[in-house]
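Visitor: What follows is each chain in one-letter form.
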Amino acid sequence: MEESYELGPRGKAPAPAPAPKGRGRRKQEKLEDMKKEMDVGLVEAVAAERLLRDGPNELRPPRGTPECVKFGRQLAGGLQCLMWVAAAICLIAYGVQEGEGDRGSSDNLYLAIALIAVVVVTGCFGYYQEFKSTNIIASFKNLVPQQATVIREGDKLQINANELVVGDLVEIKGGDRVPADIRIISAQGCKVDNSSLTGESEPQTRSPECTHDSPLETRNIAFFSTMCLEGTAMGLVINTGDRTIIGRIASLASGVENEKTPIAIEIEHFVDIIAGLAIFFGATFFVVAMVIGYPFLRAMVFFMAIVVAYVPEGLLATVTVCLSLTAKRLARKNCVVKNLEAVETLGSTSVICSDKTGTLTQNRMTVAHLWFDNQIHTADTTEDQSGQSFDQSSETWTMLSRVVTLCNRAQFKPGQDNIPVAKREVIGDASETALLKFAEVTVGTVAEARGRFPKVAELPFNSTNKFQLSVHEAGERQLLVLKGAPERVLERCSTVLLKGQELALDTQWREAFEGAYAELGGRGERVLGFCARWLPAGTVAAGTDPEALPEVAVGLCFAGLVSMIDPPRATVPQAVLKCRTAGIRVIMVTGDHPITAKAIAAAVGIISEGSETPEEVAARLRLPLERVDPRQARARVVTGAELAAMTPGALEGLLRAHPEMVFARTSPQQKLVIVESCQRLGAIVAVTGDGVNDSPALKKADIGVAMGIAGSDAAKNAADMILLDDNFASIVTGVEQGRLIFDNLKKSIAYTLTKNIPELTPYLIYITASVPLPLGCITILFIELCTDIFPSVSLAYERAESDIMHLKPRNPRRDRLVNEPLAAYSYFQIGAIQSFAGFTDYFVAMAQEGWWPLLCLGLRPRWEDTHEQELQDSYGQQWTFEQRRYQQYTCYTVFFISIEMCQIADVLIRKTRRLSLLQQGLFRNRILVIAIVFQVSIGCFLCYCPGMPNVFNFMPIRFQWWFVPMPFGLLILVYDEIRKLGVRRHPGSWWDRELYY
Amino acid sequence: MLAEWRAFVWDPRSRQFLGRTGTSWGLILLFYLVFYGFLAGLFALTMWVLLQSVDPHVPKYQDRLATPGMMIRPRAEGLDVTFNVTQSQTWRHYVHALHQFLEPYNDSVQAARNAACAPGRYNEQPDDAVANYPKRACRFNRSLLGPCAGLAPADHYGYGTGRPCVLLKVNRVINFFPGRNKSINVVCAAKRPRAKGDLREEDAALLGPLQLFPPNGSIDLMYFPYYGKRVHVNYTQPVVAVLFANATANVEHHVECRLNADGLRADDERDKFAGRVAFRLRINRE
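Chains A and W supply the protein sequences, listed in that same order. For the first sequence, the UniProt record's numbering begins at 1 and goes up steadily by one. For the second sequence, the UniProt record's numbering begins at 1 and goes up steadily by one.
The following block holds chain A by itself, in its conformation from the complex (with noise of 0.2 Å):
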């Protein structure tokens, strides 16, 4: 390994690697060729003809799970095993009639076909779905690429950063992660974290020196995939993708499996449980059988017919289907998921810390207030300027307007005309901007007034001064304008514009003055001040020495203030009083000032009208801070320097006493405290973060939420879902569709379960009181796999219950997604329901063709008897065994259509778990509908398509025995209603613990 690596400044050529042995025979050509590169990096041509020898700078993927092996898989679950016993069974049972010479039945045969088929199929969608989820991870690597820093050429350019090559000059700064093998040739201050290299945490330094002739333990050579922690440095990419140390340590550790997310684990905890039950039932009635004096191989058959009943083959179907929906419904909207736990953890979130800067502010410096005429103005802060402008007649606008543009050196990049002035890049820093950008939309085009006063001589901002000054030509005249801190700007003033007037600047004035600095100053705001002053023409010549002009800048007349801030995004606010109604605590924190952290919260409205700070407590009391009930005071503001000083004890104690908290000037390890000690209050966490020192906290939060924008990879690598538009308000979509999707994926699964009882019970009463078989397993499986597969789905389409952003955050411990009262009221009720509706529509069908219901139990052993041919009925008429087995076909028909008609009343009751059918509005849900219509469409086809009694044994039936489940149907929708009823009126009350699910 050590050989390939090019340890730097003792003399070896920053040549690609591999690079010859031996250090003393090096041509001088090729040194002076090197040290070209080294200022002005590769040819463009050059790098292209590298990349195509050595690859992309990339990993390859570890060779993943071959894919007939995830197939595999998908045929091997719990359900899939069970089916493949149950298969298994039914050729026994073929094979074992065929060899005792009963030629008529090769049911058991199609039977095991159709498990099959069942088991591929289903297996098939699995595998698609897998497919499909993969390729949107993929797809979301490529929509947020590393990029990398390079020279080429001479040009400083941003490229991909697979697109490097070896020999590439590359500069990498604070935040970053190193694109490639770097021997470092210069560096300030550069620090990286090799901890995924080497398990070392602390940072080290990185400098030009060899310091070891190891590679790993040098100074001089950044690793790929770490990250640079601060300060910048420049390098010689030595090696590229797999050949990086990185890649061959990748390349070692082979085939890292990925880790299942939790609701995945509860889904399978889930299905074991399903499927152990289907054991347990189907071992019971095998028992059962053989006391009662079925043979070995009829008592086998009823456990394979019990399994099949009992497992809901379509479930796991339903639940991929849902799941991913939802990430594509988050995707839609600006959330990308990296795993589908991440939907359902934030449904359960109860405390956002959420960062200020561009998440819940616009991350733009934006003029906000002016003052001028004794009076405060408000300008538009939004971020389409639809807002309010204020009065611009004055003439003292005119010149705090002219002195806004001309003293100022920020200027739009050229060639954006066509673009709204606030999304216009700028050269220059954040208020010169926000300065230029009021300018050009409240007076218009700044570069044309620029013109008209061109600049004879300035003197650029400094902190000693803390103004900035510049003298324009203006016809006759000069026109020196000053802009500044307030009072530095004051300082240098003499009189004060109003209307137009210029007046001597008085305490009066000077009191006013401060009046409104301190009230500007005091909501968070940046103020500046400006001044002006007419000067004879030549005062000050072209080429003055700009440390001169500050002796001119005296008398000057004092035009106004204007007050800039970042403001919160228009949607913020209302995003917070979202999560306040729904049980979530939003909590800032933030490396800014507290006064501006506050003014923001408050803006944004994390803290409330109407509350007060210890501080502000005090003030209005009168009382010595420290004999303020910290009761009393809502919102608390904490700098990092007071966190510092605190216990975790003492901070715990503070996020219980005030319920609306800001961090200001916190440090992103304080960050972690926080999260931290909201977890140990029991908080589900979520964190949104962008730096690489966010990391941590990231990843210490349930959720950590990365911005899409802003973030660093790092960033997006540790948190769970990445915000493209970094917009808080995003989250607490992510929120409300995680909320959604848990309830609705609950009502998915047990409306799936519901038809498992009535499709159990015929087998139970089947064999315990041997009437006719009432249901097949076929049509077992057309139910679970053809019918009610649509309409499950359509459960996740399911509107919120319009009370779901009021409801407290769920409980991941207590609140399980299928509980006991769930499992209860599916089976034990609204099941059992069902199977007295198909028993009920049975024995109608029966009792009309001639079969009373009480002959029919205990009627099976001369019933199936196939030489039975003239089985008398309860009228004397004699059937042959031909004519009974359509009539057991009819049977089987006529309760597939009661539990289809049940399922319509299941479907639209599984709509609310709470609130009344009528308040959700029964064809809000659109595909529900479809779904419905879907459903008892495919019923007629089953029944109605000549060929489907011998196909499928579905028989047509009559039309009257259609309706005989309905008032079945009525009464799952009546009960359910009164459920609702009393779960609405009496919250935890018994009927509300019991039958709440």
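Treat the hints as calculated values from the structure; they're not laboratory data. Any given hint might turn out to be false.
[To be verified] SDA-like mimics (lysine to any residue), calculated; alpha carbons at most 25 Å apart, straight line:
| # | chain 1 | residue 1 | chain 2 | residue 2 |
| --- | --- | --- | --- | --- |
| 1 | W | Lys-272 | A | Lys-980 |
| 2 | W | Lys-229 | A | Tyr-294 |
| 3 | W | Lys-272 | A | Glu-100 |
| 4 | W | Lys-60 | A | Lys-980 |
| 5 | A | Lys-980 | W | Met-71 |
| 6 | W | Lys-60 | A | Pro-853 |
| 7 | W | Lys-60 | A | Gly-876 |
| 8 | W | Lys-272 | A | Gln-888 |
| 9 | W | Lys-272 | W | Ile-28 |
| 10 | W | Lys-272 | A | Asp-865 |
| 11 | A | Lys-423 | A | Leu-157 |
| 12 | W | Lys-60 | A | Val-96 |
| 13 | W | Lys-60 | A | Gln-888 |
| 14 | W | Lys-229 | A | Arg-860 |
| 15 | W | Lys-60 | A | Pro-772 |
| 16 | W | Lys-272 | A | Thr-866 |
| 17 | A | Lys-980 | W | Gly-37 |
| 18 | W | Lys-229 | A | Val-951 |
| 19 | W | Lys-60 | A | Ser-324 |
| 20 | A | Lys-980 | W | Leu-30 |
| 21 | W | Lys-272 | A | Val-96 |
| 22 | W | Lys-60 | A | Tyr-110 |
| 23 | W | Lys-191 | A | Thr-866 |
| 24 | W | Lys-272 | A | Arg-860 |
| 25 | W | Lys-229 | A | Leu-857 |
| 26 | A | Lys-746 | W | Lys-229 |
| 27 | W | Lys-229 | A | Gly-876 |
| 28 | W | Lys-272 | A | Pro-772 |
| 29 | W | Lys-60 | A | Ser-989 |
| 30 | W | Lys-272 | A | Tyr-110 |
| 31 | W | Lys-272 | A | Gln-392 |
| 32 | A | Lys-980 | W | Tyr-36 |
| 33 | W | Lys-229 | A | Gln-888 |
| 34 | W | Lys-272 | W | Leu-199 |
| 35 | W | Lys-191 | A | Phe-963 |
| 36 | W | Lys-60 | A | Arg-958 |
| 37 | A | Lys-980 | W | Val-34 |
| 38 | W | Lys-229 | A | Pro-853 |
With chain A's structure known, arrange chain W on it following the hints.
Guide: Same frame as chain A, but now just chain W:
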């Protein structure tokens, strides 16, 4: 793990059995008792309504029974009438079954219970004023079966001589009027499954002549319609006897008998017993 289970089954601290306290179990069981009580009541009610709504005399639908089934007597295992002429134990049970079957057909019984009806037409007995008035059944005298009547107690229906009788009967179907007012009869022939041309003739030759009783295997229309077991208490199903007068011994014969009536389909692909019956006959001799 085990301790966890034990705690789940019985938690002495909270006095919980399977996760519920006694009161909790009591309440939930009471709830389900009421719930299932209600459902069972509802089910019983629907069943009662159902039984009230079905006519006790005539089934609501009979579409499954468009073609009545046919069956033979003796009811041999697998419709395989096999016996050895010289070994009486191989055919005694057939004879016994036939005796038993024909008991109600004794002329004396028929004369006592049933009426002599006009032959050649349906014996329709409409309810004039009284609904479901008991119907009289027509006589089918055992003696009509000729040599197959087995009138003597020691009669062996030809099984002892190698000239066995097999009785054919048509399943009872309520309000079934076969033959569209034209006479109906039963025909029998040798028919091996999936046999072709020459083979058939060969089979027929082996089977020899068949004698049918009543003559021509005809079933009189007066035995129809059947009014159901409630009102038509003594209904006597008509029977046709086939006498295999000279069937070749030690050969397996395939015989198919079918009901020959106008408008009756007896060629259902799947139902081999609708309007026809096929059986095997083997007479073994040493």
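Visitor: All hints, please: hold or fail.
Guide: Do the hints match the structure? See the list:
| no. | hint | result |
| --- | --- | --- |
| 1 | W:Lys-272 to A:Lys-980 | 56 Å, violated |
| 2 | W:Lys-229 to A:Tyr-294 | 32 Å, violated |
| 3 | W:Lys-272 to A:Glu-100 | 20 Å, holds |
| 4 | W:Lys-60 to A:Lys-980 | 41 Å, violated |
| 5 | A:Lys-980 to W:Met-71 | 59 Å, violated |
| 6 | W:Lys-60 to A:Pro-853 | 15 Å, holds |
| 7 | W:Lys-60 to A:Gly-876 | 14 Å, holds |
| 8 | W:Lys-272 to A:Gln-888 | 18 Å, holds |
| 9 | W:Lys-272 to W:Ile-28 | 54 Å, violated |
| 10 | W:Lys-272 to A:Asp-865 | 15 Å, holds |
| 11 | A:Lys-423 to A:Leu-157 | 22 Å, holds |
| 12 | W:Lys-60 to A:Val-96 | 40 Å, violated |
| 13 | W:Lys-60 to A:Gln-888 | 17 Å, holds |
| 14 | W:Lys-229 to A:Arg-860 | 22 Å, holds |
| 15 | W:Lys-60 to A:Pro-772 | 20 Å, holds |
| 16 | W:Lys-272 to A:Thr-866 | 11 Å, holds |
| 17 | A:Lys-980 to W:Gly-37 | 21 Å, holds |
| 18 | W:Lys-229 to A:Val-951 | 36 Å, violated |
| 19 | W:Lys-60 to A:Ser-324 | 51 Å, violated |
| 20 | A:Lys-980 to W:Leu-30 | 20 Å, holds |
| 21 | W:Lys-272 to A:Val-96 | 24 Å, holds |
| 22 | W:Lys-60 to A:Tyr-110 | 33 Å, violated |
| 23 | W:Lys-191 to A:Thr-866 | 21 Å, holds |
| 24 | W:Lys-272 to A:Arg-860 | 21 Å, holds |
| 25 | W:Lys-229 to A:Leu-857 | 20 Å, holds |
| 26 | A:Lys-746 to W:Lys-229 | 54 Å, violated |
| 27 | W:Lys-229 to A:Gly-876 | 5 Å, holds |
| 28 | W:Lys-272 to A:Pro-772 | 21 Å, holds |
| 29 | W:Lys-60 to A:Ser-989 | 50 Å, violated |
| 30 | W:Lys-272 to A:Tyr-110 | 22 Å, holds |
| 31 | W:Lys-272 to A:Gln-392 | 102 Å, violated |
| 32 | A:Lys-980 to W:Tyr-36 | 20 Å, holds |
| 33 | W:Lys-229 to A:Gln-888 | 23 Å, holds |
| 34 | W:Lys-272 to W:Leu-199 | 21 Å, holds |
| 35 | W:Lys-191 to A:Phe-963 | 47 Å, violated |
| 36 | W:Lys-60 to A:Arg-958 | 12 Å, holds |
| 37 | A:Lys-980 to W:Val-34 | 19 Å, holds |
| 38 | W:Lys-229 to A:Pro-853 | 17 Å, holds |
The structure shown violates the earlier hints numbered 1, 2, 4, 5, 9, 12, 18, 19, 22, 26, 29, 31, 35.
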